[in-house]
Structures are given as C-alpha cells and as structure tokens.
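*Asks:* So the protein sequences, as listed, match chains C and B. The opening residue of the first sequence carries number 17 in our numbering; numbering runs sequentially from there. The opening residue of the second sequence carries number 13 in our numbering; numbering runs sequentially from there.
Worth flagging that the hints you see were computed from the coordinates, not collected in a lab. For clarity, every value in this text was computed on a predicted model and none was experimentally measured. We put the CB at the ideal spot given by N, CA and C, even for glycine. Check the hints yourself; a few may be wrong.
Short, incomplete list of chain B residues facing chain C, as computed with Cβ under 8 Å [said to hold, decoys possible]:
| no. | residue |
| --- | --- |
| 1 | M32 |
| 2 | G33 |
| 3 | F77 |
| 4 | H79 |
| 5 | D80 |
| 6 | A84 |
| 7 | P85 |
| 8 | G87 |
| 9 | E97 |
| 10 | S98 |
| 11 | I133 |
| 12 | Y134 |
| 13 | L136 |
| 14 | C139 |
| 15 | I152 |
| 16 | G153 |
Under the rule of at most 25 Å between Cα atoms (straight-line distance), these lysine to any residue pairs were calculated in the SDA-like manner [to be verified]:
| no. | chain 1 | residue 1 | chain 2 | residue 2 |
| --- | --- | --- | --- | --- |
| 17 | C | K85 | C | K143 |
| 18 | C | K83 | B | P132 |
| 19 | C | K35 | B | R168 |
| 20 | C | K143 | C | L344 |
| 21 | C | K458 | B | H79 |
| 22 | C | K525 | C | T437 |
| 23 | C | K458 | B | E150 |
| 24 | C | K246 | B | E150 |
| 25 | B | K116 | B | A157 |
| 26 | C | K83 | C | K525 |
| 27 | C | K246 | B | H79 |
Reference excerpt, derived from the structure (chain B facing chain C, CB under 7 Å, subset only) [what the hints assert, rightly or not]:
| no. | residue |
| --- | --- |
| 28 | Y78 |
| 29 | G120 |
| 30 | T122 |
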Amino acid sequence: MAKLYIPLDMAAVAMGADKLAAAVAQEAAARGEKIEIVRNGSRGMLWLEPLIEVETPAGRVGYGPAKVKDVASLFDAGFLAGGAHRLSIGIVDEHPWMKKQNRVTFVRCGVIDPLSVAEYEAHDGFKGLKRAFEVGPAAVVEEVTKSGLRGRGGAGFPTGIKWKTVADCPPGQKYVVVNADEGDSGTFADRMIMEGDPLSLIEGMLICGYAVGASKGYVYLRSEYPIVAKVFQSAIEKALEAGWLGANIKGSGFDFDVELRIGAGAYVCGEETSLLESLEGKRGIVRAKPPLPAHVGLFGKPTVINNVLSMATIPMIMEKGAKHYADLGVGRSRGTMPLQIAGNVKYGGLFETDFGIPLGTVVNEIAGGTRSGRPVRAVQVGGPLGAYVPVSLFDLPIDYEAFAAKDSLIGHGGLVVFDDTVDMSWMARFGMEFCAIESCGKCTPCRLGSTRGVETIDKIRSGQDIDANIDLLKDLCHTMKFGSLCALGGFAPYPVESALRHFPEDFRKPALEAAE
Amino acid sequence: MAGAAQYSDERAREIIAAHMGLEGPAMPILHAIQEEFGYVPDAAVRQMAEALNISRAEMHGVVTFYHDFRRAPHGRHTLKICRAESCQSMGAERQARAFLDKLKLDWGGTTPDGALTVEPIYCLGLCAHSPSALYDGEPIGCVDAERLDEIAAEARD
Numbered sequence: 017m018a019k020l021y022i023p024l025d026m027a028a029v030a031m032g033a034d035k036l037a038a039a040v041a042q043e044a045a046a047r048g049e050k051i052e053i054v055r056n057g058s059r060g061m062l063w064l065e066p067l068i069e070v071e072t073p074a075g076r077v078g079y080g081p082a083k084v085k086d087v088a089s090l091f092d093a094g095f096l097a098g099g100a101h102r103l104s105i106g107i108v109d110e111h112p113w114m115k116k117q118n119r120v121t122f123v124r125c126g127v128i129d130p131l132s133v134a135e136y137e138a139h140d141g142f143k144g145l146k147r148a149f150e151v152g153p154a155a156v157v158e159e160v161t162k163s164g165l166r167g168r169g170g171a172g173f174p175t176g177i178k179w180k181t182v183a184d185c186p187p188g189q190k191y192v193v194v195n196a197d198e199g200d201s202g203t204f205a206d207r208m209i210m211e212g213d214p215l216s217l218i219e220g221m222l223i224c225g226y227a228v229g230a231s232k233g234y235v236y237l238r239s240e241y242p243i244v245a246k247v248f249q250s251a252i253e254k255a256l257e258a259g260w261l262g263a264n265i266k267g268s269g270f271d272f273d274v275e276l277r278i279g280a281g282a283y284v285c286g287e288e289t290s291l292l293e294s295l296e297g298k299r300g301i302v303r304a305k306p307p308l309p310a311h312v313g314l315f316g317k318p319t320v321i322n323n324v325l326s327m328a329t330i331p332m333i334m335e336k337g338a339k340h341y342a343d344l345g346v347g348r349s350r351g352t353m354p355l356q357i358a359g360n361v362k363y364g365g366l367f368e369t370d371f372g373i374p375l376g377t378v379v380n381e382i383a384g385g386t387r388s389g390r391p392v393r394a395v396q397v398g399g400p401l402g403a404y405v406p407v408s409l410f411d412l413p414i415d416y417e418a419f420a421a422k423d424s425l426i427g428h429g430g431l432v433v434f435d436d437t438v439d440m441s442w443m444a445r446f447g448m449e450f451c452a453i454e455s456c457g458k459c460t461p462c463r464l465g466s467t468r469g470v471e472t473i474d475k476i477r478s479g480q481d482i483d484a485n486i487d488l489l490k491d492l493c494h495t496m497k498f499g500s501l502c503a504l505g506g507f508a509p510y511p512v513e514s515a516l517r518h519f520p521e522d523f524r525k526p527a528l529e530a531a532e
Numbered sequence: 013m014a015g016a017a018q019y020s021d022e023r024a025r026e027i028i029a030a031h032m033g034l035e036g037p038a039m040p041i042l043h044a045i046q047e048e049f050g051y052v053p054d055a056a057v058r059q060m061a062e063a064l065n066i067s068r069a070e071m072h073g074v075v076t077f078y079h080d081f082r083r084a085p086h087g088r089h090t091l092k093i094c095r096a097e098s099c100q101s102m103g104a105e106r107q108a109r110a111f112l113d114k115l116k117l118d119w120g121g122t123t124p125d126g127a128l129t130v131e132p133i134y135c136l137g138l139c140a141h142s143p144s145a146l147y148d149g150e151p152i153g154c155v156d157a158e159r160l161d162e163i164a165a166e167a168r169d
C-alpha cells in the first residue's frame, strides 16, 4: 500500500490541500489503488504547497504545488512509485532548500504524523522528558540555562533564568503558560510547529512544569489560527490517552495538565502580561513590571511564560544536552533560528538555520528575490514592530546583538520583503495606525502617541511643514520608545524611525514633486 | 453567521454553567456564546456579569476590548481580508480598497442584503502566500480580485 503525505498545515490548506487530499483519495479508489494518506505538517517549502509526498524505497518524493486538476496526471505518471512528473521535486530531503538548513526545533515538522504519539516517540520524542525525570528538576534548569536558549518570542530573554526564578519561588500553585499569540505579520513558525509537531510543545511544557514545580499549563492561542486549535486540542487528547499527560506521568509521580485557550483578535495579548490578564478573563491590559510574572503571574501565582518555539526547543536540549545546542550560533545568539521568509518573495517559507547567516543571503539566495521580479527595496524584520532594513545593510548577520546595534531587531524571526514599488512613508503611517488600533490604552505614549503619529505622518505626506513635522515625529518616536509600558508602544517607533532614516526621500515626495 | 441560534436567557445560562469549572472562564464563555448566537447579545453580557460576580460595566469592558466579539448580528457570511505588512507587500491594500469600493462598503461593513460582512484582519500567518483572507473560517492564500468577486457572489447565493 502506497503511503502519501499531504499537509494539514493552514498554508497548504489555503492553497487547496484539503480538496487535493479528497481528490487523490477519490482517484485512488476509482483506479483500485490502495493508498494511505497521512496529513502531516508542512516541510516549510511553502511555495510548493500543497506538496504531496510519496514514500519510496529511495526516500520521500515530492510533487508540488499540486492542484486537483493535476491528480489524474500524477496517477498516470506512476507517482505512487515516485514516477517522473513535471511537478516532481525529487527526494524531498535532498532538495537544496532542505539541505541548507539545520533543523533542530523543526526536525520532525512535516516528517511525522503530527497526531501519532507512536511516531513522535519513534523520532526521539519524549526522550528529553525521560532524561529530565532522571536528572531531576534543578539539573533541568541548569541545562536550559547552559544551552543559552533565549526567548524566541522577540525579547530574547534567557529562558533558563526565567525558569530559575519560578523554580526558586516557594512550592505551591505555579503555572506554565505558552504564548501562542503569534500576531506579527510575516511570522508563522509557531503555527507550523503546533500543526506539524504539537507533541514537541507538550513535551517542552512537561519538562518546564517538572523543572519549576508546576502542575498546570495553558497555551494561549490566537483565534486567527483555527487549524492549530483543532490539531493541538487533539494532540492534548492523544497525549492524555498515551499517559503523557495527567496524573503520575509514566510512574514519575509528576502530574501535569495542558489546557488550550483561544484569544480574540487582540494583538497586544502577545505581550506577556496582557496575555495573563486575558487568560484570567479580563481586558488585555498590560501590567506594570515589576512584579515579574515569574513572581506574580497568572492568578497571582509564579508563572513561566514562554513562546511556542522556545518551549518546543526544550525537548531537544534535554535530549542532546546543553552543549549540543550552545555550540550552534554566534556571540550571545546560541542555537538556531527558524526564519520565516514572507511577503514579496519567490520562495517563501520556513528556513531554520544557525544564527549568523547574513540577511542578504536569506533574501537573495534562499528566498530567490521578489515574486514580482522587481528589485528588493526593504525588508521588515521582526514583525510590525520591527525595523525596515535597506539593501545597503544586507551584510547584517541574523544575530540579536548585531541587529540591535543597527537599531533593528530580529523579534520572532519574520522577514517581510518589499520591492521598489513600496511607499515607505505609507508603511510608517501604517505602523502607527496599527499601534493605534491595537494599543491596550493603559499608557499615554502608546495610546495617544500612535494616533498623533498617524496625524503627523499624514501632514508630512501632504507636504505640510515637512521639516518641522519630521522633527516632531522623531520626538514623538523618542517619547513612545522610552515612555511606553510595553513593547507595543515601545517598539512601534522602530518601523517609523527606520523608514525615516533609510528612506528619507519617501517623506519628501510632495516637495520633490512641487520642485519638478 | 449561518445557522446562529435565537438568543434565550436559558440557553445562555446553560453555556455559562458549562464553563464555570474553568479557571478564568470569561473568554471561553464569550467564544461559546458567540458560536451559539452569532454575536454577544447585551442580555448575555448581563447573565455573564451575574454568574462571574463582576459588574456589568466590567463585563462590558471585556467584551468590547477584543476585536473578535461582535455586539450585533453580522452578515450571513464573513470575509476577513488581511491588511498586515506582508500582504501589503503584495498589493493587498489596493486590492481590498477596490473590492470594498465595488461593494460600496467600508471595513467592518455588511452588504445591504445581509449576505456578507467584510472585516480587516491583521495577519493569518499565511505570509508566504500573501495576500490572504479567511472566508467563513476557510483560509485562502494568494487571493486575487477574481477570487474576491467569486466570494461576494457565493455569499449572495
């Protein structure tokens, strides 16, 4: 019986994967071919979605992007045995996009059936947890600290230090919370891992709960990801059935439960304290820090709150040891970063690589330049609060500190590429508008600053007192950056300031036009 | 939304009661109420405030904070079009504006026949297939003007 893989990943579904899977099943039945279709996660070569993979003795052969209309010809070409077809990309693991990566967090994503506990275990799943049980909670915290893992949500805070703070709190009710409110434009790594390898996140939470002494974990997922909600909920149920969640897990004496909660379209709830408020059933208003969530978190209890990618990387760190992970990367950016390549690119997708790769290599070589075929003008790195990086800075390595030195940030690792038709003053205005729409309203710089920012950029765009208004805008950005309570108001100036710095001509168009 | 039930206090109380065992049950209740009735009616907000032992003002504050919760029934179908940066890099803003103009709607508006509500959304995580949209919960990548017109026509059927 031929074994086929067609992703359940939301991007694949958005390109017709569900209809394709149905058509393949129907065609197979009509031809009397016995097949098994596994709905896997995506391999991350998103421009090839939906990608059908067929298991052959030589490895998995891929065909994509496959449409319903291609199904009959795929069968005619003998694709069930890996036959040649114009959509064939050959052995998937041999594809240059896959070969160039170092998959650590995403090692299983797209490879296994995401909802099979047995397959997860066969691919080294739960080995990290087993080792955690052997070495004990204190050694786990030590190991995570030594690995140099930094929060992948954007802030890059050392994960081990966060855990130690919670572990050091007196015993009692503590929580593990996973931030799956992946709202940044150009990012989809959390979505992909939760669709493609949800058990790795559950295992990471288990290890965390064990290390810090928590028995309850929440995953706060954005409502824009309906497929994740379905997949992750069934992953929880499968883990429960298999005895990897619940009471006395595998005879360890450790109890842990995971509950999935869905957000409701508020971007600010990706900020950790706002997220906690929302979990508690309140308005997602940011809390002032201190106290840190590690001391006073969910329902006032000590809480570890980590991004999906950080948590999903933990099992591998525990399995292979801190050194294995810490040996990857550059400077203080250790390990790998799952980059998400998006926007106006020829080859968009997820590309996990060691820190240190230059931005230009990612954009020009891996992403293949723009989809429109026009020259690249800017890349926004790190979501709507990230800076616009010009082509002149393309030698910047993907490294937290290198980006910070250029007033930019890596954030959650999303890259959005723009061609030369982009109007940077419009993008700056949009940055402020987005901040105004999503501001929680607690602090004045963010609440009022963002609206004043939109108004000021509108004045500049219409040619009113351009110099004076640019000065005012810079001043406003300064106030927001240093006066806001959280990263929403504090980082919203990054896209605006970087647009002003690198693309000043876009703010002087009316003046230029008038001079002509 | 298609298939939404008529509001009743009794049904709202059942939904609320089913979630009262959770820690911080407000958000799950609100999602369940909207799922059932297609929006969050004022009467349900009153019921929730009572059950959760908070003031109506506080409950109102929670409901209105989140973009997802609707205070009034929507069109029978909902189309959410992404406006975020990645989709803008592929011309989403211009495309969406032209579509809204054709339907004589603004963001958040519903066609006069009650068939379709068009809302903005800020990122669906489909950024390698920009521009993207979500039609009644179904994700659509690389959406073009033609597909948008098809959706508008489908919604009217």
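*Asks:* All the hints need checking, so say for each whether the structure fits it.
*Replies:* Comparing the hints with the structure gives:
no.	hint	verdict
1	M32	violated, 12 Å
2	G33	violated, 11 Å
3	F77	holds, 4 Å
4	H79	holds, 4 Å
5	D80	holds, 4 Å
6	A84	violated, 16 Å
7	P85	violated, 18 Å
8	G87	violated, 17 Å
9	E97	holds, 4 Å
10	S98	holds, 4 Å
11	I133	holds, 6 Å
12	Y134	holds, 6 Å
13	L136	holds, 5 Å
14	C139	holds, 3 Å
15	I152	holds, 6 Å
16	G153	holds, 4 Å
17	C/K85 with C/K143	violated, 43 Å
18	C/K83 with B/P132	violated, 28 Å
19	C/K35 with B/R168	holds, 23 Å
20	C/K143 with C/L344	holds, 21 Å
21	C/K458 with B/H79	holds, 17 Å
22	C/K525 with C/T437	holds, 14 Å
23	C/K458 with B/E150	violated, 34 Å
24	C/K246 with B/E150	holds, 13 Å
25	B/K116 with B/A157	holds, 15 Å
26	C/K83 with C/K525	violated, 44 Å
27	C/K246 with B/H79	holds, 21 Å
28	Y78	holds, 4 Å
29	G120	violated, 12 Å
30	T122	violated, 18 Å
Hints 1, 2, 6, 7, 8, 17, 18, 23, 26, 29 and 30 from the earlier list are contradicted by this structure; the remaining hints agree with it.
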